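Chain by chain, the residues run as shown.
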Amino acid sequence: MSETPIAIVLGHGRVAEGLVSAVERITGITGRFVALSNEGLGTAEIEELLRARLESTGARVVFTDLPAGSCNFAACRLLRGRPDIAVVTGVNLPALLHFATSGQAVGGAGERGESGSEPVEFRVAEEAAERGASSLRMLRGKPA
Amino acid sequence: MTIELYRIDDRLIHGQVVVGWGQPLNIGFIALVDDDVASSDWEKELYRMGVPPGVELYFASVEEAAEAMQAWRRDQRPGILLTGDIETMRRLVVAVPDIPAVNVGGVHHRSGRAEKLRYVFLTSEEERGLRALQEGGVVVTAQDVPSARPLPLRELLDGGAQK
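Protein chains in written order, with my numbering: chain A, 1 to 144; chain B, 1 to 163.
Fair warning: there could be bad hints in the mix.
Said to hold, decoys possible - Interface residues of chain A toward chain B, partial, derived using beta-carbon atoms under 7 Å: (1) 12; (2) 13; (3) 42; (4) 43; (5) 72; (6) 73; (7) 76; (8) 102.
Don't read these hints as lab results, they were simulated from the structure. Note that the structure is predicted; figures quoted are calculated from it, not measured. No residue lacks a Cβ here, since even glycine has one placed at the ideal position from N, Cα and C.
Build out the structure end to end from the sequences listed, making use of the hints.
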């Protein structure tokens with residue numbers, strides 16, 4: 001099942017590509033995310049790449065990997081003067097899975113919620129952030 | 001002296017700096033020296049949001065950095081000083097002549113720059129800037145992450161023995 005892109009995943013090395021590939025493997029849903037890497041790019045080039053992809057896809061949500069990373073700073077820098085865009089930092093697989101599957105309710109990029117005040121993706125992105133954060137946990141081994 | 005690393009990196013604060021260098025050096029602060037960032041509340045807020053708890057962030061223009069340098073060096077915590085370009089570091093070295101070594105960590109592709117390393121592209125003027133630093137007594141090496149071999153300036157300008 002191929003869908004309209006609803007979010008961009010921007011990360012270091014091949015993390016975005018890997019996460020998007022895993023989402024597609026698990027859900028069978030393809031084409032919901034555009035994976036971008038900062039590999040070999042300076043600050044201005046990362047911003048330019050992201051700006052161009054936001055424009056070409058109409059996506060309103062950007063997932064980034066590391067809070068102190070250049071990808072996140074580039075994405076957050078674009079937020080200025082763009083209330084129609086949201087950034088979720090610290091992306092992981094559970095977060096993206098939630099967004100991909102819940103995002104099926106989203107007909108297309110930029111669709112407005114009932115109130116018309118903000119894109120439906122924002123609510124789903126917020127849920128995805130919570131899902132991603134709550135998925136991180138540690139279990140200790142126990143004696144047999 | 002507790003500034004452990006003087007680094008030129010056009011991404012300023014990012015993963016390699018905070019995690020790659022910051023973790024092994026156990027840094028307590030980052031001094032970001034950039035005239036534009038120092039004069040922009042939006043940029044400062046952006047960087048503050050991303051830096052992990054426990055790492056203090058100082059913003060300074062070159063002039064302010066020269067004044068603050070002794071205080072930063074007296075700080076008991078290890079720190080990293082960053083500039084976003086070679087010219088800013090050169091100006092800082094003029095103002096603070098006893099900076100012992102400069103790390104070239106990232107100068108990425110831009111029109112007019114030639115590739116020297118995967119993470120270093122330079123204009124001829126920037127090459128001259130690095131040579132001037134070295135001739136002034138500063139040890140200039142290129143090294144993106146701590147596990148990489150630091151490349152002396154000569155090797156950097158030759159494009160690296162092993163790209």
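Verification of the hints:
1. The beta carbon of residue 12(A) is positioned within 7 Å of a beta carbon in chain B (closest approach about 6 Å), and the interface hint is therefore held.
2. Of the supplied interface hints, the one on residue 13(A) is violated, with its beta-carbon coming no nearer than about 10 Å to a beta-carbon of chain B, more than 7 Å.
3. The interface hint given for residue 42(A) holds, since its Cβ lies 3 Å from the closest Cβ of chain B, which is under the 7 Å cut-off.
4. Annotation: residue 43(A) was flagged as interfacial toward chain B, and the flag holds, the nearest CB pair being 5 Å apart, inside 7 Å.
5. With 7 Å as the threshold, the beta carbon of residue 72(A) comes within range of chain B, its nearest partner Cβ sitting at about 6 Å, so the hint holds.
6. Because the closest C-beta pair between residue 73(A) and chain B is about 6 Å apart, less than 7 Å, the hint holds.
7. With a least beta-carbon distance of about 5 Å to chain B, the hint placing residue 76(A) at the interface is held under the 7 Å criterion.
8. Hint status for residue 102(A) relative to chain B: violated, with the closest Cβ pair at about 26 Å, above 7 Å.
Going down the numbered hints, you'll see the structure goes against 2 and 8, while the others check out.
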